[in-house]
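A.B. asks: If you want the building blocks of each chain, they are given just below.
Protein chains: 4
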Amino acid sequence: MVIVMKPDASAADIAAVVGRVEESGAEAFVSRGVMRTIIGLVGDVAMLHGLNLRALPGVADVHRITAPYKLVSRENHPKRSTVWVGGVGTRAPIGPGSFTLIAGPCAVETHQQTLQAAQLAKAAGATLLRGGAFKPRTSPYAFQGLGVEGLKILGEVRATIGLPVVTEIVDAHDIDVVAEHADMLQVGTRNMANFALLQAVGEAGKPVLLKRGMQATIEEWLMAAEYIAQRGNLDVVLCERGIRTFENSTRNTLDISAVPVVQTSSHLPIIVDPSHASGRRDLVVPLARAAIAVGADGVIVDVHPDPQNALCDGPQALAGDDLLELAAAIRSLAPLLGRHTAGPPT
Amino acid sequence: MVIVMKPDASAADIAAVVGRVEESGAEAFVSRGVMRTIIGLVGDVAMLHGLNLRALPGVADVHRITAPYKLVSRENHPKRSTVWVGGVGTRAPIGPGSFTLIAGPCAVETHQQTLQAAQLAKAAGATLLRGGAFKPRTSPYAFQGLGVEGLKILGEVRATIGLPVVTEIVDAHDIDVVAEHADMLQVGTRNMANFALLQAVGEAGKPVLLKRGMQATIEEWLMAAEYIAQRGNLDVVLCERGIRTFENSTRNTLDISAVPVVQTSSHLPIIVDPSHASGRRDLVVPLARAAIAVGADGVIVDVHPDPQNALCDGPQALAGDDLLELAAAIRSLAPLLGRHTAGPPT
Amino acid sequence: MVIVMKPDASAADIAAVVGRVEESGAEAFVSRGVMRTIIGLVGDVAMLHGLNLRALPGVADVHRITAPYKLVSRENHPKRSTVWVGGVGTRAPIGPGSFTLIAGPCAVETHQQTLQAAQLAKAAGATLLRGGAFKPRTSPYAFQGLGVEGLKILGEVRATIGLPVVTEIVDAHDIDVVAEHADMLQVGTRNMANFALLQAVGEAGKPVLLKRGMQATIEEWLMAAEYIAQRGNLDVVLCERGIRTFENSTRNTLDISAVPVVQTSSHLPIIVDPSHASGRRDLVVPLARAAIAVGADGVIVDVHPDPQNALCDGPQALAGDDLLELAAAIRSLAPLLGRHTAGPPT
Amino acid sequence: MVIVMKPDASAADIAAVVGRVEESGAEAFVSRGVMRTIIGLVGDVAMLHGLNLRALPGVADVHRITAPYKLVSRENHPKRSTVWVGGVGTRAPIGPGSFTLIAGPCAVETHQQTLQAAQLAKAAGATLLRGGAFKPRTSPYAFQGLGVEGLKILGEVRATIGLPVVTEIVDAHDIDVVAEHADMLQVGTRNMANFALLQAVGEAGKPVLLKRGMQATIEEWLMAAEYIAQRGNLDVVLCERGIRTFENSTRNTLDISAVPVVQTSSHLPIIVDPSHASGRRDLVVPLARAAIAVGADGVIVDVHPDPQNALCDGPQALAGDDLLELAAAIRSLAPLLGRHTAGPPT
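Protein chains in written order, with this note's numbering: chain A, 1 to 346; chain B, 1 to 346; chain C, 1 to 346; chain D, 1 to 346.
Derived by calculation from the structure, the hints in this document are not laboratory data.
One thing to keep in mind: the hints can contain errors.
Chain copies aren't distinguished; within one or between two, either way the pair holds.
[What the hints assert, rightly or not] Cross-link-like lysine-lysine pairs, in silico, BS3-like; alpha carbons within 25 angstroms at most:
| # | residue 1 | residue 2 |
| --- | --- | --- |
| 1 | Lys70 | Lys6 |
| 2 | Lys206 | Lys6 |
| 3 | Lys6 | Lys79 |
| 4 | Lys152 | Lys206 |
| 5 | Lys79 | Lys152 |
| 6 | Lys79 | Lys122 |
| 7 | Lys122 | Lys70 |
Computed from a prediction, not measured in an experiment: that's the story for all the values here.
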C-alpha cells in the first residue's frame, strides 16, 4: 500500500501513520517530497486493510498496489488450474488444455424438453449439461423454476445421457438438496456478492461455476472467488456473462477483455456465456467464436428444442441448427488456440 | 405492451402473435403501417410477461408500456405511504409528512462505542438508530461484524436510549434472530436481488429498509420491493445509496433524481444514504442537504464517536461536530419542504 | 507520482526508472519492500507525464497523486472565484456569494418566442438569458438552429430586456460572430473534449460556460477548463448537466456530488442544469432545489412560452407557472446557504 | 413510432395527437385499451421526429420503433459495402470479403520512427498505415503532435513504403491540408459528436474512419455516420474502440458485440481497435483474435519501433515480435471466417 499525505500534513500526522503501521508488525517507508510526503507500506494485505489508515488526520489517499486476494491469485500459484466436473466415466475438464462446451435449457420445464435439449447438447459436443431448477427472476410474477422437481429431472436426464449437470443455487438453505443432485453448483450474477451463499458453496464439496456480477469489477469477482476458496474449495470456474453499461442494443455488454485480464491475475479457469451477455440468438455464435479466439476455457449456452415456447429467455436460446454451427466453430477454431475439444477422459 | 413486427413479417406471423395473446385472455389491436405492423396488447402485465412473444417468428421488438409492479405502484395507490417503525413510546414515522434522521455506527464494535454513537444520534434529532451486526464485506479478510453479539448490544442500547433499531440482515437463515432484536430489517445493496432474502423479510412481520442495488435500475428496485410486498409486507422504505458509474471521485454516484422519480411511480417512502453514496465525510452534509431539498423522506448516516479508530468505513463517518451541522441543516431546510422534524408521536 | 515495480523487476529496471526521472530534473525516492519496490517521484506533473514511465521494463503501475491541472486548481488559488458576465449596467456575477438563475429557450425560434421567454426569465429573477442559435443535434434531420439569424435575435432581445446573453458555440470557425453577439460562450457536452474549440474560446475574450461531457470524469472536465485557462482566459464557469449511466428513467444521471467535489478541487464557479440532466419538466424544480442546497453557484434552465410547440426539448422546458415555483424556491432556500439572489450590481 | 397516452388522457388529448400527426402527412392508428390508449404512427422518421409529440398533454411516452438513420441503414441497402482506400497501385479494401490490418505509430514523432513503424507494419501484412499528426490529448501539457510537419512525414513514408495513409483530423479548419496529405480521414472518439467536423469530412472527398465515441450508443454512432453520408460521402468505415464503463482494469471496455450488431443494422464496414480499447500491450493480440473471430472487417493497432521511448501511448504499442504474432493470428483465423488477407489489388 502507498499512503499519500495531504500537502499540509504535519510531522505528527506522519508519525501517527508510521506508528499505527509498525504496531501491526508491518513496515513503513517515508518519502518526503517538496509538496507531499508518501509512505510505502510492506506487510500482509489483509492486515493492512484493517488499519483504517484513510481515517487518520493528514491522510489524503490510500492506494492499494497488490491484489487483495491470495488463494485465487496467480502470483502464488503460477500454473493455471483445471477443474474436473462429474463422476467416474463422465468427468469433464475445464481448464487451459481444453475447450469446454456447456449447454442446456435456461430453465428445466419438463422431462422431455430437458432430455431433448440434452440430446442436442451432447450431439454438439457438450461435455456438461446446464439447466435451471431454481430461477432468480427480476419479476415475482415470472416463472421461478420447478425447484426440487427440476433437480430430479436433471438427475434422470444425466442418467440417460451421461453428462454431468451444472445448476444454479439461489438460497443457501437449499445447499444439501442441490449438491445431492448436481455435479457443479452455479452462483448467478445477482448472487455474486451474496457472501452467505458463497460460503455455503465453499463448503459443499462440489465444483462451483461463479458468474460475474453484472456490476462487479474483475477484482470484486476474484474476491468473491476468494470467499469460496477460503472455505477450502479451489474448484472454482469463473464465467464472464456481460456487465451493465449504457449500451442497450444488447442485454448486457460482454466484457471479452475480462478473459485475458483474469488469466493474468488468477489461476482459475474462465468461460464465457454469450447467451446471457447478449440476450439475442443471432449474436450467440459470433460471440462464442470471439470467446474461443480470445482464449477462454469454454462457453456456456442456452439450448431449447422449441425456443418459441420456452418459459425463460426463449429469444436467446439456440435451436438445433444454430448449435451445429457453434459446434463447427469450436471444432475449427479451438485447435488453433492449442485446445482439445474431445470429451472427458476414460 | 406493444409488439413491433419485422418489416418482412408475414400475415401468419401476425396471426400467431394475436392468437397467443387472445388465448391468454388478453386483447390485441393490430395497426398495419406501410413499413411495419404494430400490435398493441391490453391485459394483465404478469400474464403477458409469460407469453414469450419476443421468441415468435416475425417479432422485432416488444415494448412494455406499463410498470411491471402492482402492489408498490402509485397507480393503484395514489396516496404516498407512511411507514411506522418501533414499539409503543418510540414509534417513528417515515413518510411524506416528516423528515426522518436515522443515524448510528456502520458496524457495532463494542457496547460503549454503540452507546456513544446512539447518544450523538439522539442529540442530533435522530428517531431511529442504525447499526450493523452482520456486515457484508467485499473482502473475506475484512471485519465481518459481531453477529448475534452485536444484535444484543443494539438491544441494550435501544433500552437505554429509547430509539428503535435498524440493522442489516445478510442471510435468510438469520431471519428469526435478527427480527427478534431489530425494529426494522435492512436489505443491503448487494442483496437487493437476493430473492430468497426478499421473501424471508416479506414474511418476518417487521418493516424493511430496502437499499437500491448499486447496479439496479429504479424499475428493478421497485420489483424487489414488489417481492417483499407480495409476501404481505407493505411496510417497505426505499433507500437510494448511489449507483455504480465511471466516475471515481466518489465511491458511488448518488442518483438524487431517483427520489422524485420513485415518488412519481410508487407510494413507498424513500430516504437517502449520503455516507455510502460518497464514501467521503466532507460530502455527507452537502448531499444530505440536497436530499432534503429534493424531497426525500429522510436520510441515514454513519456516525462514530471516534472515526479514526472505526473498524468499518471510518472515512465516511460523521463525528460530533459534523452531526450538529447536519441537525441544523435539517431544522432549517425541512420545514420549507413542508415536513415535521420532531420525534415520534406520543 | 508513485511508480510500483513488478515483483520480478531487476535492480537494473529500478535504476532505469530512477535515471529517466533524474535526467528530467525531478527526484525519485526508492522504497524497497519484501515483495515489491515503490518509487515516489517529486517534480512538475506536466513534465513527469511526458516521461512515459509506464512503458519501461519492470514497471507494474503508475499512480498519479496530484491533480494534473494547475491554473484551475484550488491548491494554487485557494479563494473561490467569481465570474462576471455582461456589460455596464447588466453585469451579473456567478460565484460563491450569489445564486444565479440563467434561463431562456433551448433554441431561438423567433423574435417573439425569444422575447417572451426572456420576459418570463427576467420576471423569475434570472440575471442571464440563455438561448441556442447553433444547436448540436444527434440527428442530422433535427432542427439545427437559426445560426447567425438566431444570434441577431438574441442581441435584439438583450437590448430590449437588459439581460446578458449566453449562447453555445459548436464550431471554432464561428468564434468571431458568436463572440460579437454573446456575452458568454457556452461549450456543450458533446464538445467538452473538442480541444480546438476549447482553445478558440480561450482566446475569444469572453467568459465561458463549460458543460461537463456526459462521459467525462470530473478530472477530465477540469482538464478541459485548463485548456481554456492556458490560453489566458480564467473566466470559466463549470456546468454539471448529468452523466451517462445505465439508468434510463432520466435522460442522464445528475451527478449532484460533482458540485462539492469540484468546489474542493477548483476555484472555478459551478452551476447545475436540471433541464438537460433529467429531460423531464416534472423533475426540474426538485433538482434545482437540490442544486441550491448542495451549494451550487446557480442553475440554468430551459424556458419556453409554449412548450407544446417548442422545436427543441419541449418536454423539459418550464412554462410560466413552473418558473415561478422555481423562483420561489430560490428565494427561500438560497439565503439559507449564505447566498444573495438579487440582480446585477449597478 | 408508438405514442403511449397517460391513463387519464382525455379524448381531446388523443385527438390533438392524431391531428398533429395527420397535419404532417403521416398516419395515426389509435388502439384504445382498458387502461391506456396507444397510437401507432406511420410516416417519415425525420419528420415525425420534429413533431415534438412528447410535449403534448396526455402523452406518457414515445417509443421509436424504426432506426433514425437511412443512408447508412442496411434496411435500404442490404448488401454490405466495401470501402477502398488509396490511389492507383496501393488501393486497399475494407469490407466483407477481406480482413484488413491497419498499423502504425500512435503519433508521428520523426521520419525515422515513422518509417521503421511502417516497415514493421508492412512486413506484418498491413495494407494501410496509421499515424497521428494532430493528437487530441486530455492534458494540455501532453504532446499534441507535429501537425503539418507530421503530415509531410507521413506523405514521405507513403512514397517510400507504398501504403495509403490514415490520419486523424481534430479541427475542421485543417480539412484541406489533412485531405491533401492523407488517403483516409480519421474522426476520433472525442469528436464523434462534433457535427461541424463530421460535415467537413463529409465534403472532403476522402474515405472516413469514424471511431465510436467512448460514451456513444451504437445508434448515436450510426447517426454520426449519417451526418457524413448526408454530405455525399458513403465511404465510411466504423471503428469500435471501447466504451467507458465502471471496469478499470482496462482503459475502456471493448464492446465486441458491437461488430455483429452494427453488421445487422448498417451496410458500412466495421473494424476494431484493440490498442486503445485496452491500453495494454499484453491484451492487443488476444483482442485482435476476438475481433477476427466475431466477424470484424479489420483491426487497427499501434506499432512503435521503440515503445519505451514513445511520446504517446507507449504502453499499448506493439513492437516487432508482438506484431508478428498478430500477423500469424490473422493468417490462420481470417480464412476460417471466409476472408482474404492478401494485399491490395493490382
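A.B. asks: Name the hints, by number, that the structure is in violation of.
C.D. replies: Violated: hints 2, 5, 6 and 7.
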